[in-house]
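Chains E and S, in that order, give the protein sequences. Residues 6 to 206 in this note's numbering are what the first sequence spells out, letter by letter. Residues 502 to 971 in this note's numbering are what the second sequence spells out, letter by letter.
To be clear, the hints were calculated from the coordinates, so they are not data collected in a lab. Given the structure is predicted, the values throughout are model-derived calculations rather than measurements. A virtual CB, placed ideally from N, CA and C, is assigned to each residue, including glycine. Just so you know, nobody snuck in bad clues.
Some but not every residue of chain E turned toward chain S, in silico, with C-beta under 7 Å:
| # | residue |
| --- | --- |
| 1 | 23 |
| 2 | 36 |
| 3 | 111 |
| 4 | 168 |
| 5 | 185 |
| 6 | 200 |
| 7 | 204 |
| 8 | 205 |
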Amino acid sequence: MSSIISSISGRGIPVRGNDIDTDRIIPARFLRCVTFDGLGAHAFEDDRLQLKAQGKLHSFDDARFQGAKVLVANSNFGCGSSREHAPQAIAKWGVQAIVAVSYSEIFHGNCVAMGLPAVRVSLADSEAIQSAIEADPKAEVSVDLQAMQVKIAGKSFACQLGDGPRKQFLTGQWDALGELVDGLPQVKAKAAKLPYLNAFA
Amino acid sequence: MSRNTLFDKVWDLHTVRQLPSGQTQLFIGLHMIHEVTSPQAFAWLRERKLQVAFPERSVATVDHIVPTEDQARPYADGLAEDMMQAIERNCREFGIRLYQPGSGKQGVVHIVAPEQGLTQPGMTVACGDSHTATHGAFGAIAFGIGTSQVRDVLASQTLSMSRMKVRKIDVKGRLKPGVTAKDLILHILRVLSAKGGVGFAYEFAGEAIAALSMEERMTVCNMAIEGGARCGYINPDQVTFDYLKGREFAPKGADFDKAIAFWKSIASSPDAEFDDVKTFDAATIEPTVTWGISPDQGVGIGESIPAKESFPVSEQPNIEEAYAYMGFTAGQPIAGTKIDVAFIGSCTNGRISDLRAAAAVLKQHGGTVKPGVKAFVVPGSEAVKKAAEAEGLHEVFKKHGFEWREAGCSMCLAMNPDKLKGKQLSMSTSNRNFKGRQGSPEGRTLLASPAMVAIAALEGVVTDVRKVLK
Ligand code: SF4
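Extracted from the complex, chain E is given alone in its bound form (with noise of 0.2 Å):
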């Protein structure tokens, strides 16, 4: 199922702020749900009304932005509930990278095994690069898994990304499930061996 992942190049999508929790990203109320198809449609959707309220635009309905696939967030992105409905929504809209400051844990987790990179940047460098997006929607920016780089419009900003996902990702094995599988054996020996499920012996 895993394919190798190195580089993700497309238009960028801003999303500005800190600590957007994924009740922000995709709200409970489409949790009720037994697949994660269609889960595009409402990625930010209480975020999108409110602004829309108020007479202003967020970035996932702004015209320019439409059919990004780099998406450029700041600090603790994701936080909150282990939903992997959030990083669903964002990817089945289109987006194939993210760049942030820095992650929930759980977020990030979930990104990995969806084959959803999601680096991190220096807070001034997320902004530089939402920045660089606002100012050229149509720039190119690519996410690059080799040189550890993100590059807009000439520049190049140093990303990172754990040495466990990143070889995931480069060795095309994000997917675990396979290689967990093929551990059976081992894992059986494993359970073999604990105390609580041996009576303690």
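Assemble chain S with the ligand onto chain E, guided by the hints.
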């Protein structure tokens, strides 16, 4: 790097092998399942023609979408009914135990597993829910996972994980009368921030933690995730052992004694080393209430809403957003804030001791719910509900003007029919005050302890509960 902590011992005990990516393949001792984050995982298993590797190590219940008034099937909400049918079919097909409404064992997943004795010290626990951290109260390493990882656990009983750092949160001294475990964790969050714990497991320790009951410890660990820590834990001790004794899935007879020896052995050693230590003084903590849109935006009941200048510059836009969303201004005292709804329940504060604390306030105060305020109690599980009714707590709540409901998550996240309307302001014992969390996209939430929510319901405004506690 940390050494000889409970985290290190449990992690090492459960390590199956290093994966080629450098991640650890970690055995999961207990996997809890609920209806919201599991249907896609089972669908992926079917797609890949995989079986559940250890069906007896997974236990399922339903909580998020369950109505708390009319539970007749099929549910009025067709989408909720579809989700119920999906989990029933999945558990039947894959041989997984399911606690349904009416079984006497249904309830919020993080309340059910401890009360059945499923959660035990020294285990790894995973669930497709961020508040899995709750189970750390027993000295387990427990964390929330996403749906792809739910699939991984089902298929292999393991996860691909990277090790966390360990921060000790040493709470010295004792909490003052009228100050609860909820106030303690809200205070810790306020000091360490909503993202301060990213990359860490939190070990809660010290005199104030040791003095907490098992249920209070669950309240503290439950909210570790609100501080960014994927898991939080407390070393097991006599309080833990006494709680477990006699529960359905706890070891019995001679095994129980052997279990205690194992449980003691996995606690952090006296020479344990931590990546970081933070110290708190319990005696300085006041009943705490959040005023903003992140659980770390809290203040003591005697304080006012803080000026944005008291936060780092990078945080100030968030603080302004919180003022605007909540309709509050800096300098306004939190006490006296008018509320519309009072909600008592959730995996943070929906256990029997929480209901007792709230009922005690109602009795001491003597009044009834302020006209115009909607107040309701949702027990965290069917077992909690039964225990409360045996003590007559439901009569106390009803007599003082509260509604008494069936078990579930309810207005903690409002996936069932319980929802705020418009800009209503709710005072809630749950764990998240995010924008729109309680079901109205403009709804507002103040987080507090059960005692503080109880008194606010009677007074109609945020009030220091110590005025009625002797
Ligand atoms: S009570 Fe609230 S926080 Fe706890 S599991 Fe249910 S929805 Fe999540």
